[in-house]
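Colleague: Spelled out, the chains give:
Protein chains: 2
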Amino acid sequence: MEWKDYDSATCSIARTLEVVGDRWTVLVLRDLANGVRRFDDLASHLGVARDVLTRRLNVLVDHDVVEKVPYREQGSRTRYEYRLTAAGQDLRSVLLAFREWGDQHLSGPEGPPMATVHADCGGKVHAQLVCERGHTVERGETRLVPQPGARLSA
Amino acid sequence: MEWKDYDSATCSIARTLEVVGDRWTVLVLRDLANGVRRFDDLASHLGVARDVLTRRLNVLVDHDVVEKVPYREQGSRTRYEYRLTAAGQDLRSVLLAFREWGDQHLSGPEGPPMATVHADCGGKVHAQLVCERGHTVERGETRLVPQPGARLSA
Numbered sequence: 350m351e352w353k354d355y356d357s358a359t360c361s362i363a364r365t366l367e368v369v370g371d372r373w374t375v376l377v378l379r380d381l382a383n384g385v386r387r388f389d390d391l392a393s394h395l396g397v398a399r400d401v402l403t404r405r406l407n408v409l410v411d412h413d414v415v416e417k418v419p420y421r422e423q424g425s426r427t428r429y430e431y432r433l434t435a436a437g438q439d440l441r442s443v444l445l446a447f448r449e450w451g452d453q454h455l456s457g458p459e460g461p462p463m464a465t466v467h468a469d470c471g472g473k474v475h476a477q478l479v480c481e482r483g484h485t486v487e488r489g490e491t492r493l494v495p496q497p498g499a500r501l502s503a
Numbered sequence: 350m351e352w353k354d355y356d357s358a359t360c361s362i363a364r365t366l367e368v369v370g371d372r373w374t375v376l377v378l379r380d381l382a383n384g385v386r387r388f389d390d391l392a393s394h395l396g397v398a399r400d401v402l403t404r405r406l407n408v409l410v411d412h413d414v415v416e417k418v419p420y421r422e423q424g425s426r427t428r429y430e431y432r433l434t435a436a437g438q439d440l441r442s443v444l445l446a447f448r449e450w451g452d453q454h455l456s457g458p459e460g461p462p463m464a465t466v467h468a469d470c471g472g473k474v475h476a477q478l479v480c481e482r483g484h485t486v487e488r489g490e491t492r493l494v495p496q497p498g499a500r501l502s503a
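Protein chains in written order, with my numbering: chain A, 350 to 503; chain B, 350 to 503.
Treat each hint with caution, since some may be false.
Chain copies aren't distinguished; within one or between two, either way the pair holds.
What the hints assert, rightly or not - Straight-line Cα separation of at most 20 angstroms, EDC-like style, residue types lysine to aspartate or glutamate; simulated pairs: (1) Lys353 with Asp380; (2) Lys353 with Asp390; (3) Lys417 with Asp400; (4) Lys417 with Asp380; (5) Lys473 with Glu490; (6) Lys473 with Asp371; (7) Lys417 with Glu487; (8) Lys473 with Asp413; (9) Lys417 with Asp390.
What the hints contain is simulated information worked out from the structure, not anything from laboratory work.
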């Protein structure tokens with residue numbers, strides 16, 4: 350069997366893209382991960398149309414990636430802010446993978462705009478492939494093994 | 350300074366999304382990474398309209414993520430196949446991050462459809478955050494530090 354013999358949609362990548370496979374959605378997740386939580390702040394920082402932002406946030410809430418939490422400032426009506434759920438926090442690995450690639454391939458002459466560092470020691474952080482037996486794994490040293498959840502193409 | 354004080358577009362995530370921030374594009378990269386290289390095979394496996402596929406491939410070629418290589422089968426005219434460049438190979442970390450999240454959060458009762466294993470030992474592979482000083486870093490143990498390439502919002 351080759352990859353193309355397997356159903357394209359029965360794939361964790363395809364499934365994830367159904368939730369976050371859109372540029373605005375990833376930027377919303379990035380801002381939420383960095384503490385921008387209020388609708389007006391998100392709309393203004395991202396420069397996104399409010400109806401587009403509403404739709405993206407609703408999809409994320411529907412998939413339990415983001416939760417909507419009421420808050421109220423003195424003298425104002427109740428408003429909502431948005432926070433990553435535990436599943437949403439897990440998407441930080443996607444954000445970091447995007448960031449690393451952009452740092453490496455799309456930085457201007459001044460270099461990457463932000464560094465991700467270990468809060469404890471200040472050392473720069475990157476994602477390293479490791480296997481469950483503790484080996485460090487380089488690109489090209491992996492292969493895919495079909496599991497019971499795999500489906501062949503129709 | 351907070352995150353929202355920095356320009357949203359001067360960000361390696363935003364820049365990467367200009368190249369790969371689209372569902373079909375990521376699926377094309379996934380198939381190329383798994384050895385599906387010919388236009389007809391990609392169109393058929395992905396179930397994507399041919400004009401959409403052409404546009405996505407052209408963007409990837411324009412950004413040097415994919416290269417177009419001529420081939421010719423006996424008795425046929427010259428055709429082209431598509432291969433990941435070195436920069437395209439680096440996007441495997443994005444694909445793995447998507448895969449891991451889908452495996453964890455969107456698998457059905459039968460579990461993930463594919464496992465990514467270390468070709469040498471067969472152990473399952475995952476991405477682990479490490480810092481340059483060799484510490485294993487957990488989610489939430491990172492922070493962002495602005496670099497000279499950072500820009501404040503207008």
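Colleague: Between copies, within a copy, both or neither: which fits Lys417 and Glu487 at Cα up to 20 angstroms?
Modeller: neither (40 angstroms within a copy, 25 angstroms between copies)
Colleague: Are the CA atoms of Lys473 and Asp371 at most 20 angstroms apart within a copy, between copies, both, or neither?
Modeller: Close neither inside one copy (28 angstroms) nor across copies (29 angstroms); limit 20 angstroms.
Colleague: My question is about Lys353 and Asp380: at a cut-off of 20 angstroms on alpha-carbon distance, are they close within one copy, between copies, both, or neither?
Modeller: The answer is between: 8 angstroms across copies meets 20 angstroms, while 36 angstroms in one copy does not.
Colleague: Taking 20 angstroms as the upper bound on the Cα-Cα distance, should Lys417 and Asp380 be classified as within, between, both, or neither?
Modeller: within (15 angstroms within a copy, 36 angstroms between copies)
Colleague: From the Cα coordinates, with 20 angstroms as the cut-off, is the pair Lys417 and Asp400 best called within, between, both, or neither?
Modeller: within (17 angstroms within a copy, 39 angstroms between copies)
Colleague: Under a CA distance limit of 20 angstroms, which applies to Lys473 and Asp413: within one copy, between copies, both, or neither?
Modeller: neither (31 angstroms within a copy, 27 angstroms between copies)
Colleague: State whether the alpha carbon distance between Lys353 and Asp390 is at most 20 angstroms within one copy, between copies, both, or neither.
Modeller: This pair counts as between: shortest inter-copy Cα distance 8 angstroms, intra-copy 43 angstroms.
Colleague: Please work out whether the CA atoms of Lys473 and Glu490 approach to 20 angstroms or closer within one copy, between two copies, in both situations, or in neither?
Modeller: between (24 angstroms within a copy, 12 angstroms between copies)
Colleague: For the identical chains here, do Lys417 and Asp390 meet the 20 angstroms Cα criterion within one copy, between copies, both, or neither?
Modeller: within (15 angstroms within a copy, 42 angstroms between copies)
Violated hints, listed in ascending order, are 6, 7, 8; each of the other numbered hints is respected by the structure.
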